[in-house]
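Q: Chain residues, written in single-letter form:
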Amino acid sequence: MSASRDIVEAAAVPAGAAAASAHPPRWRAGWLNSSRGLGLILLMPALVLVVLFFLMPVVLTGVFAFTNMSTATGISGGTYQVTPGALRELADRHGMDELAEKLGQPSFVVDEQGLKALEEMGIEPAIIADLREGHLGETHASRREFERMLRDLPERPDTRTVKRISGEFSRSLANSRFSSRESLLAAAEGVDPELTEEEKTALVQATYTGWVWTADNFRRMASSRDTVRILLNTIFFVATTLIIFNTAFAMLLAITTHYIPERPAGIFRIIWFLPRISPAVIYVLLWKWFAWDTGFLSAFLDNFGIRPRNWMLDTAANAWFFVIVINGFVGASMGMVIFSSAIKAIPESLFHAASVDGAYRWQQVRHIILPQLKWPILFVTCYQTLSLLTSIEQTLLATDGGPGGATEIWSLAIYHTALNNYAGNLQYGYGAAMALVLVVIGIVLSLIYLRVFNYRALVAKPRIEL
Amino acid sequence: MTGHLKSWPFVLALSIISAPIVLMYSYLFIDTITNSPPGSFIPHEFTLEHWRFLWETRPGKPSIWRVTLNSFLFASSSCLVVLVVSSTAGYVLSRLNVPGRAFFLAGVMVLHAFPAVTLIVAIFLVLQMVGLYNSLIGVILVKAAIDMPLGIWIMKGFYDTVPWEIEMAGIADGASRFTVWRKLVLPQVKPGLFALGLFAFLLGWSEFILPQVLAPGGDVQVLSVYLAGLIADDNNFDMAMFKSVGLFYIAPVLILFLFFQKYLMNIYGGGTKG
Amino acid sequence: MTKHLLRSTVAAVALASSATYALAEDVTIRVWAGGSSPNDVYRVDAIDIAADLLEREAAVRGEELNITVEKKVDNTWDDFKQAVTLAAEAGNVPHILVTGHEDIGPWSQSGLIVPIEDYVNLDAWPINDIYENLLEVASYGGVVYGLPQDAEARPFFFWKEYMRKIGYTDADLDGLADKVQSGEYTLANVLEDAKKMVDQGVVPAGYGFYPRPNNGPDYWQFYTSFGGVMEEDGKLVLDKAAMQRFYQFFVDAVAAGVTRKNHIGTPNDQWWAEVASGKAGIWHGGTWHYARYTNQEGLKDFFGSISFSLIPAGEGGKANTLTHPLVYVLTKQDNEDEVAIAAELVKIASEPRINTLHAIKSAHLGITKQQSNIDLYSNDRWAREATERLLPHANAMPNNAEFGTYWNAMWAGLEASWTGQKTPEQAVQDLEAELKNSLGEGIVIR
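Protein chains in written order, with this note's numbering: chain G, 8 to 473; chain Z, 1406 to 1679; chain L, 14 to 459.
These are calculated hints, taken from the structure and not from any lab test. We treat Cβ as the ideally placed atom computed from N, Cα and C, and that holds for glycine. There's no promise every hint is true.
Some chain G residues judged to face chain L by a derived CB distance under 10 Å, without partners named [to be verified]:
hint: 1; residue: Ser77
hint: 2; residue: Pro91
hint: 3; residue: Thr166
hint: 4; residue: Leu320
hint: 5; residue: Gly409
In silico EDC-like links for lysine to aspartate or glutamate, alpha-carbon gap of 20 Å or less [what the hints assert, rightly or not]:
hint: 6; chain 1: G; residue 1: Lys109; chain 2: L; residue 2: Asp58
hint: 7; chain 1: L; residue 1: Lys85; chain 2: Z; residue 2: Asp1638
hint: 8; chain 1: Z; residue 1: Lys1466; chain 2: L; residue 2: Asp58
hint: 9; chain 1: L; residue 1: Lys449; chain 2: G; residue 2: Asp321
hint: 10; chain 1: L; residue 1: Lys292; chain 2: G; residue 2: Asp321
hint: 11; chain 1: G; residue 1: Lys295; chain 2: L; residue 2: Glu287
hint: 12; chain 1: L; residue 1: Lys374; chain 2: Z; residue 2: Asp1638
hint: 13; chain 1: L; residue 1: Lys292; chain 2: G; residue 2: Asp300
hint: 14; chain 1: Z; residue 1: Lys1667; chain 2: G; residue 2: Glu269
hint: 15; chain 1: G; residue 1: Lys295; chain 2: Z; residue 2: Asp1638
Throw the hints in and build the complete structure from the sequences for me.
A: So, in structure tokens, the structure goes:
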């Protein structure tokens, strides 16, 4: 922890400033009142952002996780629609074939009741008169047919009027949509006045188009084989990237640049910083240029008789190699900077005592540098574990989880589930359940880290020491 | 420094492992102003045709200048919000005795574990509730919120180093704590504000997923989404053109980085990306 | 924002011929099309033309109607559907969407779209000229939700030169389509011929059979070829044996060296260029590929270089093809009058002459019977031959709210077996478990 702040300050803090604040002031208690008021006001913007974009989303994610929410159900609630599917469910699951038949069989009856309703709606009297004289008592079994009859009336009602009229004469619920449970049941009772409670419940359940509470997401997650695979992928990805690049490789960079003159060292640091400061879209584009069929690597290796191929997606192993390298190159720079400044902070005298031949250098690294870097290493490890767990942009743009889902990691799977469906039905609920898992892991890990880095000491004494 | 005499093995080793990056970024530049014969990577002619996108708007796409302006508005506004929020909250957490201070500070650390993408559906819903979906303001706020935890930590670190004596002198002169913060303390952390501002600007400039999902509309499109859209469009595969747009997009980043690399390295060292 | 302005300033509008407009009316209608290339501009431009006609019709009646059409074309499907669903939740979805018919299921359930039959007379021109089966594909639960925007079929393509090199005569090639249709030439023969091409060095390894490099409706054709059924009586169906044979086919293709193991994820543009320039021996695509090959990719002599047929039968199935009509759908809006105008526009855009512009420009098939009487259409050899040879055998994917889940899982299984992550048997087992898990009673497994 302290290492990262140390480097921030090493660059920007005027010398001497640190020394002054060594003693926590005892006057503070006296300013408590004004300090509290001002503190709350100054904290307000941060609090608003935290509530809006962290707390509420987390709570909502927790809520969504226990629903079957998807594009089809909508987020904001549903209606009741008597679709053929709903009727089938009524018949199959609840054994209410008769009710389904009754509700779903389209039938249009021209009766006085309907004509009265038309009058109330303000439909042109001429149309009503035509209907009453020519068609009273007629029954039609198909909506299309009935509406054809309406259109052929001498008055030639327009399409929307036709729809309003046919709605009034419809004596079934097929395909009608109700905004509330009550209106659905009222309409259903219009068709069959002897609905039992049980039938009502089944009807409501079968026709509801919105989301419902369920723990199915977690059951599905626990029993899906993909879950295990994605979990293992994620662990593999995080562990490998972390060990190879974010720590070991970063350490290599820090140590080698330590042992070369400042000018080339600076250049190498800039080079290794490019991946981090580059926007992901361009950075990954460059890798594609490098690794694709028509890219640099293929063209270069072609000279040696190696068949051009898409090196990035050629095999699962290749894809992993590139996913880890692409993410690792971005991550390496953080370790590099933190370790470099930590090495710089090691007293020169420790090095001076030693000679400079190659063999001894290794001993310097082993006995002087590495032990001094224990805390920075731990910090980088912890910080980057969380970052890697939730990183998505580079992998999404590079392999998108391919080939064959080989590089699908947890965060990417969330994106694919909740926001990416070829057939237009995004699975918000299941995606939220997966996100919730990550949120819980994140909270637990960061709490552990706070303990490891002795958080209380940090707050109590807002002074920095290495 | 230790071991100047035999540094060449290190330079050599570093050069070899750095080669892919150097290669990629060199060709990012070379390919935008030259053509190479098919199958070769040695340019044989100079051309500016890949930069056509600057003066020719592709049918169905917004003008590059509009998109650039959006990117600039997005990055600078989110930078501004981050600065305001971090400089106030950081001060509170460093200096003021408010209830729950320790808790808030720990909370800020934990927030780092909540990346936008896992919560994006819920964030979308919040934006929609406050009517900011598909607007720049909405993504700006979300982006600022996500960069905020680190900003607060960084600013707290800077405030921690400001001598208490400065504040005490101010109070003794009869100034309120607010005045003291604004007139006396804030100038002391200018380097911090500058570094954080630069950092937040670049983060905003680079952001891809948030605008892609939360502001897909053509008139609020930013450069990253524009470029990703070009690449995803399989009707006009033109690597040199992608790279030209890419170079156009990354140029401000590179310039800022080369000028202020010390600041950025330090702050990015603790940055948010994996 | 505009919507509110409109609502407050615009008087009520009714639409059919008897309707009266307010004196001067300005309406903005937004239309989005997904998955469209530059060849497909008429998906949205047709709405422009329709708006012009509707304005003129209004003027003739003595009314003033100004329609501004805001058009947006997305090249990909994923981003388009994501943007549409999120925009719908946020309440600012465009009036007209051009999308795959399979979206009608979930989108009608959520109330995102409204039935077009509530706004237009299905018995009136030009809707009464639209092919019945296409209109059915645009319906859900017996309600017509959208109007077909285009139709297509997805043929198998054979690069003639390479077929000749492995022993086919010109007469053989001319008769190939019939042999495929009768079931004489099967997918097993495809593998054989592709292998011959690779073995004889006619095409590089992995280019004998060169399928679509990413997810798409095309893959359901192979499931059908092996006897699979997607839906029966409104319920999704997983035929395990057929699914496994279908997966196995691609595993065999990889094992024989005629298809690359890492084929999925090949950049689309590269794929287009390769098949259009004769790098691959046998592949499959869609009727609209004709436009891409001959326009962008510069293939001069399509009919001299390529023969095409149905997707050959596999074990237990029949030769088939899939039509995946895009549809115009109307979204639910607060302002009913705008929906009604949008419906009129969609109706006019379905006029044979206007639709033919799209059909020929993009090499899709027509949606109305009268298009065969329009010279632009009937003089086009591709439209004519493809319609005759393919369309009578075309299936469509079911409109079912759960189909997307099935589709995703099917694709995941195919990808996993193709790339060797799982055996086909395992993949089908996993698929079954996954579907039981996520769809429960919504799917019949056999």
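Q: Now tell me if each hint is right for this structure.
A: Against the structure, the hints come out as follows:
no., hint, result
1, Ser77, "holds (7 Å)"
2, Pro91, "holds (4 Å)"
3, Thr166, "holds (5 Å)"
4, Leu320, "holds (4 Å)"
5, Gly409, "holds (5 Å)"
6, G/Lys109 to L/Asp58, "violated (45 Å)"
7, L/Lys85 to Z/Asp1638, "holds (14 Å)"
8, Z/Lys1466 to L/Asp58, "holds (15 Å)"
9, L/Lys449 to G/Asp321, "violated (32 Å)"
10, L/Lys292 to G/Asp321, "holds (19 Å)"
11, G/Lys295 to L/Glu287, "holds (19 Å)"
12, L/Lys374 to Z/Asp1638, "holds (19 Å)"
13, L/Lys292 to G/Asp300, "holds (14 Å)"
14, Z/Lys1667 to G/Glu269, "holds (14 Å)"
15, G/Lys295 to Z/Asp1638, "holds (15 Å)"
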